[in-house]
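There are 2 protein chains.
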Amino acid sequence: MELLKSHRTIRRYQLRSIPDDLLNDILECGIRSSNTGNMQLYSIIVTTSNEKKAELSPLHFNQPMVMEAPLLLTICFDVNRFKNWCLENSANVDFSGLLWLLNGTIDSSILAQNICVAAESYGLGICYLGTTLYNTPEISRVLHLPKGVIPITTLTVGYPEIVPELTDRLPLGSIVHFEEYKNYSAEGIKKMYSFKENLESSKKFVEENRKENLAQVYTDVRYKSADSQFFSRKLVKMLVDQGFVFE
Amino acid sequence: MELLKSHRTIRRYQLRSIPDDLLNDILECGIRSSNTGNMQLYSIIVTTSNEKKAELSPLHFNQPMVMEAPLLLTICFDVNRFKNWCLENSANVDFSGLLWLLNGTIDSSILAQNICVAAESYGLGICYLGTTLYNTPEISRVLHLPKGVIPITTLTVGYPEIVPELTDRLPLGSIVHFEEYKNYSAEGIKKMYSFKENLESSKKFVEENRKENLAQVYTDVRYKSADSQFFSRKLVKMLVDQGFVFE
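Top to bottom, those sequences are chains W and U.
The first sequence runs 9 to 255 under the working numbering.
The second sequence runs 9 to 255 under the working numbering.
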């Protein structure tokens with residue numbers, strides 16, 4: 009399927025807005041995806057206003073596509089709607105455990121990806137904002153999310169202004185294991201990462217950040233342990249405040 | 009996009025196996041999907057042997073499609089490969105926090121959904137096995153997963169023997185919120201769930217399980233609080249044993 013194989017993350021968009029019927033069609037494709045028990049424990053918050061974009065922008069660390077894209081979709085794990093239905097029916101629901109947080113994250117992600125594929129099939133481009141999980145309490149306030157609704161990921165959507173080159177991937181054979189996981193030898197690791205390490209862009213990263221190698225750019229610059237711990241604690245606190253249990 | 013809108017979960021498969029080049033093509037579509045920092049923190053375990061299927065089957069509560077489907081794909085969040093690469097490069101990586109568990113779950117799910125769309129575009133059918141998260145330690149043992157590799161979801165894949173009717177969904181308007189989340193009134197909830205409640209299949213569920221209404225079938229039969237707590241605790245324990253931190 010050529011569409012899937014030619015996927016690029018789009019970070020620069022045309023001014024052109026997305027017609028309502030096209031948006032509806034894309035969202036409809038989203039909710040047709042598989043989900044746990046057909047409970048549809050998710051919600052989609054559509055942002056098109058400049059006011060809301062301006063409030064969300066710093067929470068996504070001012071990545072320019074937040075203001076530039078005509079459309080932002082914040083995909084949320086939502087137990088609020090289902091709980092309300094249960095309350096109306098004298099039914100007692102418990103989604104407080106890690107199992108449900110992960111189920112909800114899976115279902116929200118599957119929904120998001122169907123939206124992406126649908127959008128791309130109509131010539132639109134998308135970008136996932138992983139920053140969503142860094143600032144869930146603040147995003148929740150901006151979008152007026154009630155208790156039980158957790159932002160999982162955000163998509164920027166619009167007509168591509170610039171279509172970048174296809175990014176690299178590890179060889180398929182290094183991701184796929186047959187029947188049992190075959191652990192990697194040092195030699196194997198070296199081989200499978202060599203293409204990535206030798207890209208001009210990688211070499212530039214290493215140089216600009218004055219690191220010894222690409223792995224250190226990831227661990228010391230892009231995804232630092234201190235940041236990971238800070239944002240993980242923030243996320244746990246937010247979820248515990250919401251009634252989730254991690255024990 | 010008609011393909012996405014006509015998605016059905018396939019639980020009955022033909023005996024016909026899937027050619028290797030088709031499998032490769034589908035997996036290639038999977039790894040072209042977006043992922044955090046292009047670190048590809050996932051692995052795919054391919055199961056086609058009857059021996060492995062027989063070991064996995066009880067861990068998926070003996071759902072018949074595990075033995076019947078020619079192909080099982082267990083999609084895992086994998087920090088092992090990346091960590092090995094970092095070790096080779098004197099780089100110190102820390103993915104132990106909840107942020108990374110959720111990032112990895114999102115990336116694995118996006119990958120899984122791309123695989124599903126690719127498979128369906130070739131006339132194959134799929135079923136997500138949510139049971140994967142119920143038995144992660146046991147599945148890890150069967151598939152020889154090392155520390156740092158967590159099974160997130162499993163797909164059964166094959167040529168459909170029986171294609172069921174399209175399942176119901178809540179009206180799109182009840183999932184989508186514009187600019188801000190609009191909480192639901194009791195009246196609104198009643199209205200949006202009435203189609204589902206009045207399906208013949210729903211009425212049959214209620215009757216067979218001797219419950220007052222459909223919500224109670226979900227909460228008292230299908231997704232009981234005691235089960236949720238039991239499997240959540242099991243999941244937390246497994247992840248803590250693997251070095252994850254939930255505080």
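None of these hints come from the bench; they were simulated from the model.
There could be a bad hint or two in this list.
Which copy is meant is left open, because identical chains are indistinguishable; a pair holds if it fits in one copy or across any two.
[To be verified] Simulated crosslink set (BS3-like; lysine-lysine; CA at most 27 Å straight-line): (1) LYS199 <-> LYS60; (2) LYS242 <-> LYS199; (3) LYS242 <-> LYS190; (4) LYS212 <-> LYS190; (5) LYS13 <-> LYS232; (6) LYS245 <-> LYS232; (7) LYS60 <-> LYS232; (8) LYS242 <-> LYS13; (9) LYS242 <-> LYS212; (10) LYS155 <-> LYS199; (11) LYS190 <-> LYS245; (12) LYS13 <-> LYS155; (13) LYS219 <-> LYS60; (14) LYS155 <-> LYS204.
Taking the hints in turn, this is what the structure says about them:
1. LYS199 <-> LYS60: For LYS199 and LYS60, neither the intra-copy (46 Å) nor the inter-copy (29 Å) Cα distance is at most 27 Å.
2. LYS242 <-> LYS199: neither (38 Å within a copy, 37 Å between copies)
3. LYS242 <-> LYS190: between (36 Å within a copy, 26 Å between copies)
4. LYS212 <-> LYS190: Neither, since 33 Å and 47 Å both go past 27 Å.
5. LYS13 <-> LYS232: neither (31 Å within a copy, 41 Å between copies)
6. LYS245 <-> LYS232: Both: 20 Å inside a chain and 26 Å across chains, each within 27 Å.
7. LYS60 <-> LYS232: So LYS60 and LYS232 fail the 27 Å test inside a copy (30 Å) and across (39 Å) alike.
8. LYS242 <-> LYS13: neither (36 Å within a copy, 37 Å between copies)
9. LYS242 <-> LYS212: Intra 33 Å, inter 44 Å, cutoff 27 Å: neither.
10. LYS155 <-> LYS199: The answer is between: 22 Å across copies meets 27 Å, while 48 Å in one copy does not.
11. LYS190 <-> LYS245: So LYS190 and LYS245 pass the 27 Å test across copies only (25 Å; inside, 37 Å).
12. LYS13 <-> LYS155: Cα proximity of LYS13 and LYS155: none, with 38 Å in one copy and 31 Å across.
13. LYS219 <-> LYS60: neither (38 Å within a copy, 44 Å between copies)
14. LYS155 <-> LYS204: between (43 Å within a copy, 25 Å between copies)
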